[in-house]
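Please model the entire structure based on the sequences and the hints provided.
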Amino acid sequence: MKKTFSLVFLSLCLGLSSAQVPIGLQIDSPQVVIFGTDTMCCGPRMMWIPSKYALFAGELVWPLDSIGRYSFSTGRSIAPGMLSGSFGQSLVSGDYAFATGASGAVGKYSFATGTSTAFGQQSTAMGISVAGGNTSFAAGVSSAQGLASSALCNAVAVGESSAAFNKAISGSYMSTAIGRFNVGGGSATEYVSTDPIFEVGIGANENNRRNAFTVRKDGFISLGNHLGYTKFALYESGASTYGMGVQAGQFRFNLGNPQARYAFFDQPGSGAAEIFTIYGNGTVAVKGTTVHSSDINRKERICPVSYADILDKLRSIPIREWQYIGQTERHVGPMAQDFYRAFGLGMDEKTIASIDADGIALAAIKALMDEVESLKIELQKVKEQLKEQ
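Using the working numbering, you'd call the opening residue of the sequence shown number 678 and step up by one each time.
Just so you know, these hints were derived from the structure itself, not from any lab. Fair warning: there could be bad hints in the mix.
Once the Cα atoms are required to be at most 30 angstroms apart in a straight line, the calculated DSSO-like pairs of lysine-lysine come out as [as the list claims (entries may be wrong)]:
id : residue 1 : residue 2
1  : K1043     : K1053
2  : K990      : K1053
3  : K1060     : K1043
4  : K1043     : K976
5  : K1027     : K1043
6  : K964      : K1060
7  : K1060     : K990
8  : K990      : K964
9  : K1058     : K1043
10 : K785      : K844
11 : K976      : K964
12 : K990      : K976
13 : K1053     : K1064
14 : K990      : K1043
15 : K844      : K894
16 : K976      : K1027
Next comes the structure, spelled out in structure tokens:
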């Protein structure tokens, strides 16, 4: 028995043809070592098929025409693809492909192990994964569907040239996603500026997706949300959360409470004092003085004003007592609309800059001082006339 087995492999090594070695040469019954064409369908076989330059060793469960040219198969596997190799209980239908375990290498130049399937050309699948896209890579219990995509662990990579890890999904072109149950989405084949390029998912399940961190392709960044209109955000869109963000050209703070305040302290820890506070109603408190830049070197288009004209305009502006809507504190002052209509100062008719109000008050005081001086002169003249009488 051992001598016959050695003779068979010696013949293979010497390159003897089927005419030189008897067809059906066997070690024992049933027939297990065959050179040429097998006349029996199934069962354990070790076969060299000269017409296909193929070698099979294992249990034959497939028709002989399913064996590819220049292929090598073992176990219960089959390699129909040309220049392919299969081990275990795998199927290799792609040319130049290779598979082990109970996997399938369907795509040309593909590779599969475990119970995975590599459909795409030049794709690789490992574990219980599926590599569907050409030149894709999948491992674990993942799925790489996009062209040149990669998926690991329990992830899904849909976008072309995308990568997904853990339990995330990379839906957009050239994107990367990690974590679990991220929001995903976007075009899988085109570079769209509003699509995500990087996501960290913290969702609970398929129906409750959520991002901890998102970077869009146009540079928009958000932490704790995925707001499409926010340049940089550290807060959610809901009223119960808080944080800060850049949105529509504004740097926004959200404390989730209309009665909350924004406070700046002079030092960390206990004993710190509030040096600047913005209350929820808009009131601003400063520990110290507020200073406006008034350096002449920072000004332009400087021109004189008529103190008398300013005083006349000021006389036309009503000064009233009032309070802001929703507040109880009382104040005295003009309405911004009246002030802007009279002087045209400031950026709009809804605000009054304190530096403008101070300037108008100083000009009016100087006008009154001029009037007082004029009255003093007239009074002095009257006194002199009375002395001469």
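Output the indices of the hints that this structure fails to meet, ascending. 6, 7, 8
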